[in-house]
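Peer 1: Sequence:
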Amino acid sequence: MRTRYLDLDDRTQDLNERMQEDPDLAGDFLQKYELSWMYHENALEGVVYTVQELVAGLATPQPVADALVIGVLQEVRNHKAAIDLIRSEAGAKKSRVTLTLVKKIHETLYKCIQSKGPSELRKDMPLHRAYFHEIPQPPRIAGMLAKVVEGTDAAEFKKSHPVVQAARVQHGFMQAYPYTDGSGKVARLLANLYLIRAGFLPCVIHSIDRQRYYDSFKMPEAVLRDLMLEAMDNSLGHAEKHFAEAPPSRSRRSAR
Numbered sequence: 056m057r058t059r060y061l062d063l064d065d066r067t068q069d070l071n072e073r074m075q076e077d078p079d080l081a082g083d084f085l086q087k088y089e090l091s092w093m094y095h096e097n098a099l100e101g102v103v104y105t106v107q108e109l110v111a112g113l114a115t116p117q118p119v120a121d122a123l124v125i126g127v128l129q130e131v132r133n134h135k136a137a138i139d140l141i142r143s144e145a146g147a148k149k150s151r152v153t154l155t156l157v158k159k160i161h162e163t164l165y166k167c168i169q170s171k172g173p174s175e176l177r178k179d180m181p182l183h184r185a186y187f188h189e190i191p192q193p194p195r196i197a198g199m200l201a202k203v204v205e206g207t208d209a210a211e212f213k214k215s216h217p218v219v220q221a222a223r224v225q226h227g228f229m230q231a232y233p234y235t236d237g238s239g240k241v242a243r244l245l246a247n248l249y250l251i252r253a254g255f256l257p258c259v260i261h262s263i264d265r266q267r268y269y270d271s272f273k274m275p276e277a278v279l280r281d282l283m284l285e286a287m288d289n290s291l292g293h294a295e296k297h298f299a300e301a302p303p304s305r306s307r308r309s310a311r
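The opening residue of the sequence shown carries number 56 in the working numbering; numbering runs sequentially from there.
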C-alpha cells in the first residue's frame with residue numbers, strides 16, 4: 056500500500072509541475088476535469104445532467120422561463136458553489152472540518168431550491184434512498200457525526216496520508232448518513248477537501264462504478280479507500296495523456 060501512495064505522490068508532483076509549465080493547457084484540462092467531476096458526482100446520486108446543462112449552469116445567468124430548467128440550473132450552480140467553498144477551505148491556513156462547515160456545505164448545495172427545507176439532520180428512516188447500507192436511527196446521528204468530526208483532530212489522523220484521511224472522513228460520514236438528501240455529496244466534498252489541500256486532483260468516482268461505490272459502505276473503510284485510489288490513478292492517467300498529446304500552448308512557447 057505504501058508503494059501505491061508513493062506512486063500517487065510522485066505522479067501528482069509531476070503533473071503539478073507540468074501544469075505550472077503550461078498554465079494555458081492546465082486551465083483547459085482543469086475546466087474539463089471539473090465538468091467531469093460534476094457530471095459523475097451527480098450520476099452517482101442517480102441524476103444525469105447533459106454537458107449542455109452543466110455548461111449552461113456554469114455560464115453567466117440568463118433569464119429563463121421554464122421552471123424545470125431553472126431548477127436544473129440552480130442545482131448546477133449550487134454544486135459549483137459548494138466545490139468553490141471546499142477549494143477555498145482547502146487553501147485556508149487554519150482550515151479544519153467542523154459541524155459548522157458540514158452544515159454550510161449542505162446549505163450551499165440546496166440554496167434557493169424550494170423543495171428543500173432548512174439544513175437539518177435526518178429525523179426519519181427514509182424508505183427510498185440510493186444507498187442501502189445500514190444507517191442509524193435519528194437519535195444516534197448527532198453523536199456519530201460529532202465523532203467523525205472530532206476524529207479529524209486526532210494526532211493519528213493528521214499524520215495519515217491524505218487519501219487515508221479522505222476515505223476515513225467519507226466512510227464515517229456515510230455511516231452516520233446525517234441528511235435524507237445530499238449525504239453522499241457532502242461526504243465526497245469533505246473527502247476532496249483533504250485531497251485538494253494536499254495538491255491532489257479531486258477524486259472522481261465514475262458513474263460506471265456506482266454499485267461498487269454503494270457497496271463499499273457495507274464493508275470496511277479499506278474497500279472505499281481502494282476504490283478511491285483506483286479512481287485517482289485513472290484520473291492521473293487521463294491527465295498525463297492530455298498533456299502528452301497536446302501541442303505546446305502559447306504560454307509555454309513564449310517561455311522558451
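Derived by calculation from the structure, the hints in this document are not laboratory data.
Hints are not guaranteed to be accurate.
As the list claims (entries may be wrong) - Listed below are the simulated BS3-like cross-link pairs for lysine-lysine, each with C-alpha atoms no more than 30 Å apart in a straight line:
id : residue 1 : residue 2
1  : K148      : K158
2  : K296      : K273
3  : K273      : K159
4  : K159      : K135
Peer 1: Hints the structure violates: just list their numbers, smallest first.
Peer 2: 2
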